[in-house]
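Chains as they are written, first to last, in this note's numbering: chain P, 81 to 361; chain X, 81 to 361.
Because the hints were derived from the structure by calculation, they are not lab data. Some clues are possibly wrong.
Note that the list lumps identical chains together, so a pair holds whenever it fits in one copy or between two copies.
Unchecked claim - Taking lysine to aspartate or glutamate pairs in the EDC-like style, the calculated list, with each CA pair at most 20 Å apart, reads:
hint, residue 1, residue 2
1, K331, D321
2, K281, E212
3, K331, D141
4, K217, E283
There are 2 protein chains.
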Amino acid sequence: MKLSIIGVGLIGGSIALKLKEKKIVDFVCGIDNSQDNLNEALALNIIDEKADLEDGIKNSDVIIIAIPVDATRKILPKVLDLMSDSQTVMDVGSTKAGIVESVKNHARRSRFVAFHPMWGTENNGPKSAIAESFSGKAGVICNREESAQDAIKMVETIVESLDMHTIFMNAEAHDLHTAYISHISHITSYALANTVLEKEKEEDTIFQLASSGFSSTVRLAKSHPEMWVPIFKQNKENVLDVLNEHISQLKKFKSALEKENFEYLGELIENANKIRGILDK
Amino acid sequence: MKLSIIGVGLIGGSIALKLKEKKIVDFVCGIDNSQDNLNEALALNIIDEKADLEDGIKNSDVIIIAIPVDATRKILPKVLDLMSDSQTVMDVGSTKAGIVESVKNHARRSRFVAFHPMWGTENNGPKSAIAESFSGKAGVICNREESAQDAIKMVETIVESLDMHTIFMNAEAHDLHTAYISHISHITSYALANTVLEKEKEEDTIFQLASSGFSSTVRLAKSHPEMWVPIFKQNKENVLDVLNEHISQLKKFKSALEKENFEYLGELIENANKIRGILDK
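Looking at chain P on its own, in the form it has when it is part of the complex (with noise of 0.2 Å):
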């Protein structure tokens, strides 16, 4: 099988490798906006060949698209115009509602997967890309009716073939759920560093006491504004939504310590502490 992947960074880069690896595909076509991306993932044995979008697109069974929200909104469209009705194009990004939304009506929509892999880093370009990354994570589909029932079956074969389980959900049921679980996390980790280079004017202070504990909570403040804007963009109202719940609950803590009332203080720490329960089953 023959792939193209458009953007060959942290993700696309990721799956081009394990799907190598694992002989599902043998022929990758690199297409990117950066040269020294693309030279770095030829270099790298990700990709086989640069190309542009339309011989790329020619010469694949499969196009994925690896690429920040917005900047795929606008190249889903010209994707499907290019292709056949024997290819599947699918994408990797964080929202979904509005990449669906922006070929509802195309001729070719059913030749098109909307796809989110639960897994990523805080970094990026194709020397990030590990084969391993996606092993035991989820795999999203979203709004299966709208595609061919062979293009899901291609995704498919892929997501098992990056060890991924496969979890069916609606864009907006997506997006909801993603603003909870990834989206809050990013916006709560960059504040997080915001507060500490604020109050903390010392430097070297931070780099020698940062224990573990900090280093994990902020490590996804070290995530580009690239990839992070469009996503907040796209899915502003979920995000606005649980980022005023994120700040009345940490008023919840402020107001317990100003009022010395460490008893509500260790209730809600002990209410925090059933994410235990959940994460760990």
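For this one, chain P is given, so just place chain X on it according to the hints.
Chain X in isolation, oriented as in the chain P frame:
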């Protein structure tokens, strides 16, 4: 050298394991309110003998107090009362000013070294103890001038044996910095867990979709109130100060989203990205 550990949990247990492995310590006495903890620590070879406070102190060269910070404040004067001038006691608490204050005028103050290893996990109990825990992390000694030189020397030897590097700081500075670097991370993580538990009623969806990003941000929310309520209590003013700043940082994200000022949102994220340069020095 003979060691007594008051509180054979995660931290006390991990220290004992490492010091035995390094052969700095050849006998460990365990003192704990929980018989279960003591039996577990015996079975895991963390301690060699159970003891009550009086016998444990009598039979040791060094005593390490590894219990919640409010309990440390209470027990420390009693421990000093029972000690001779050739023995050394150290604590491992995450707040230092209150503990140092509690023995300020004690006749045997100089036998105490106020210590804080910058490591911990969300787990507790002897079974969570790991000898390699502290490797490469900072160990903070506070108010060194209030301790006898030989007591400081002894603690430095222990810190080196734990493969940590020593930082000296006064207790007030320590409490301020840990509010930034550690305590606020815990509140953020607790509040994030409570946000998700409040908004996301579909527990199975949390479990299925939770990515590594969410898990790492919310990891600290598993930490127990028995340990953390006393820390927040003892460091109330600093924690409140940082918490207020954190809430106002979150409100900047909220405002940027509400006003659809995505340029500003990008700037906030770019600023947060600076933490990469500080943490990855």
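Intra/inter-copy verdict for K217 and E283 if alpha-carbon distance must be at most 20 Å:
between (36 Å within a copy, 17 Å between copies)
Alpha-carbon proximity between K281 and E212, which holds within one copy, between copies, both or neither at 20 Å:
neither (39 Å within a copy, 31 Å between copies)
Indicate which option fits the pair K331, D321 if close means a Cα-Cα distance not exceeding 20 Å: within, between, both or neither.
both (16 Å within a copy, 13 Å between copies)
Check K331 against D141 for me: Cα-Cα at most 20 Å, and say if that holds within a copy, between copies, both or neither.
neither (52 Å within a copy, 46 Å between copies)
Comparing the model with each earlier hint shows violations of hints 2 and 3; every other hint is respected.
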